[in-house]
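Protein chains in written order, with numbering that gives the first Met the number 0: chain A, 0 to 238; chain B, 0 to 300.
Hints listed in this document are in silico derivations from the structure and should not be mistaken for laboratory results. Beta carbons: idealized from backbone N, C-alpha and C, even for Gly. A couple of the hints might just be wrong.
Said to hold, decoys possible - One side of the interface only, derived from the structure: several residues of chain A facing chain B at Cβ under 8 Å:
{"no.": "1", "residue": "L18"}
{"no.": "2", "residue": "F58"}
{"no.": "3", "residue": "E99"}
{"no.": "4", "residue": "L107"}
{"no.": "5", "residue": "R180"}
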Amino acid sequence: MTEPLLEARDVFAGYVADLAIVRGASIAIASGEVVTIIGPNGAGKSTFVKTMAGLVRLFSGAITLAGRAIGGLPPQDLVRAGLGFVPQTANVFTTLTVHENLRVGGHLLRHGFAARAAAIYSLFPDLADRRRHLGSQLSGGQRQMLAFARALIMEPRVLMLDEPSAGLSPKMANMVFEKARSLARTGIAVLMVEQNAKAALAVSDRAYVLVEGREQLSGPADRLLDDPAVRRLYLGGHA
Amino acid sequence: MNAFWQHFADGILTGAIIALGAIGVSLAMSILRFANFAHAELLTFGAYIALIVVTMFGTVGEPIGQLSFGWTLVVAIVPAGIATALLALAIDRVVYGGLRRRNAARMTLIFASFGVGLVVRNAIHMTFGGDPEYYTRELTIAVRLFETIRVMPDQIVVLAVAVVVVVALHLFLRYSAIGLAMRATAENPDLSRINGVDVDRIVGWTWSIAAALAAMAGVFMGLTVQLRPEMGFNLLLSLFAAAILGGNGSLIGAVFGGLLVGLAENLSVMVISAGYRQAVPFVLLVVVLYVRPSGLFGARS
Chain A
0 MTEPLLEARD VFAGYVADLA IVRGASIAIA SGEVVTIIGP NGAGKSTFVK
50 TMAGLVRLFS GAITLAGRAI GGLPPQDLVR AGLGFVPQTA NVFTTLTVHE
100 NLRVGGHLLR HGFAARAAAI YSLFPDLADR RRHLGSQLSG GQRQMLAFAR
150 ALIMEPRVLM LDEPSAGLSP KMANMVFEKA RSLARTGIAV LMVEQNAKAA
200 LAVSDRAYVL VEGREQLSGP ADRLLDDPAV RRLYLGGHA
Chain B
0 MNAFWQHFAD GILTGAIIAL GAIGVSLAMS ILRFANFAHA ELLTFGAYIA
50 LIVVTMFGTV GEPIGQLSFG WTLVVAIVPA GIATALLALA IDRVVYGGLR
100 RRNAARMTLI FASFGVGLVV RNAIHMTFGG DPEYYTRELT IAVRLFETIR
150 VMPDQIVVLA VAVVVVVALH LFLRYSAIGL AMRATAENPD LSRINGVDVD
200 RIVGWTWSIA AALAAMAGVF MGLTVQLRPE MGFNLLLSLF AAAILGGNGS
250 LIGAVFGGLL VGLAENLSVM VISAGYRQAV PFVLLVVVLY VRPSGLFGAR
300 S
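Could you build the full structure based on these sequences and the hints that come with them?
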């Protein structure tokens, strides 16, 4: 791995004081990489990315973006710093139109929203046709694309996706993973949390296995795909 | 039939004032996520601040046309709105903000708002006394509309200004960046945060707008009825009935709810004693909530 863009070291975090869900987790991701965090239910994967997005309290540890300490900063400062986050559920504003969703995504922009929106619509032509539709009128896949698009309007350096394939058909899930892969080709660091480990690892460069709030295994995604323990525990295969 | 149209017109005029107050209640319920029972006191506070300004000038100004008031009262609405917004922001910082940071239950916030309302109401009572006050004692002559309806010129102006304010607020919420962020925050505060919205700032905007509208409603009520320390409190149930009837967070709903409550209160006196008029909106409320729990314009869950 080249110089890490986003790095978290010995992170302890949680919703309630003295009750850490993330217990000493560490990860690093470089520009243009797709990195996936897998693990059993309740391992703290979502809490970990939410901590990096500023939604969950960081008790201790360090989080840096391009060498700058960002741990504990409010979400709006993290967005400004170049961090994009797409939550697993309720990730579009259903009462706002597609275009208004993008406007909320560009809330911090002082200039240039129109140009960026045009670029986003060319990247997601399906959304361009539905720009006046309410979020509630979109299908699951379209909502996921809108959530991506909204996060991309700020041109983030790191895009974090929490269970991006949840609730989608296999075909749509593959499309989402391919989109993540193509975004990484533009230089964005894509960090995913996924239950659909097999499909996610197939498009990832590296992966971490998080268990009980800290990483137990890490390495190249293809190696983890072949790891007997990972196969047995998370990929539905046999050791 | 003449009496019906007279009560209908009175209902629309009362409803316009209720609507201005109900918008604030509705905004607070959707964005701040609790029922602020101290909101009614903001009406009273705003009305009395305008009275202070008018008293400082010694007059409401030379009456404009057939109106009972002059430009002084018009100008007084600005400091009344600003002072009421500052009071609301101070209350949020001292009381509600602290409770939110401690993740207090919604019921705790609601009970705190009862306490805040009590404090503000009694502070006004101690400062101004319990006697009714008036911006002006200038007599005005009612004008006839459609031969059968008599309304005071002040009431027509109040209705016109209320309409302009509601339209302006609608445009603000629909097209401005802050308005969009307010709508986004009302739906999902966390999703708004990760899109760069400073939710604390949006809370500040919400309080300011809600309080300024309450102050305006208070001044209008003081102008068309009278000022009393209980004027807001007496309107409290109507405000909530209007906001809930309209649907949580819906501007159009709050306006429609306000008009409906105003009409129900005024038309009911044709068939029941005026003493029971305040109960009428609640009958309406129960019926609407039974049929459509999210209110008339609220999103169906």
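Status of each hint after checking the structure:
1. Contact between A/L18 and chain B, as hinted, is not supported at the beta carbon level, the nearest pair being about 14 Å apart and thus beyond 8 Å.
2. For A/F58, the suggested interface contact is broken, since its CB lies about 16 Å from the closest CB of chain B, more than 8 Å.
3. With its C-beta approaching chain B no nearer than about 6 Å, A/E99 sits inside the 8 Å limit, and its interface hint holds.
4. The beta carbon of A/L107 is positioned within 8 Å of a beta carbon in chain B (closest approach about 4 Å), and the interface hint is therefore held.
5. At a threshold of 8 Å, the smallest CB-CB gap from A/R180 to chain B is about 23 Å, leaving the interface hint violated.
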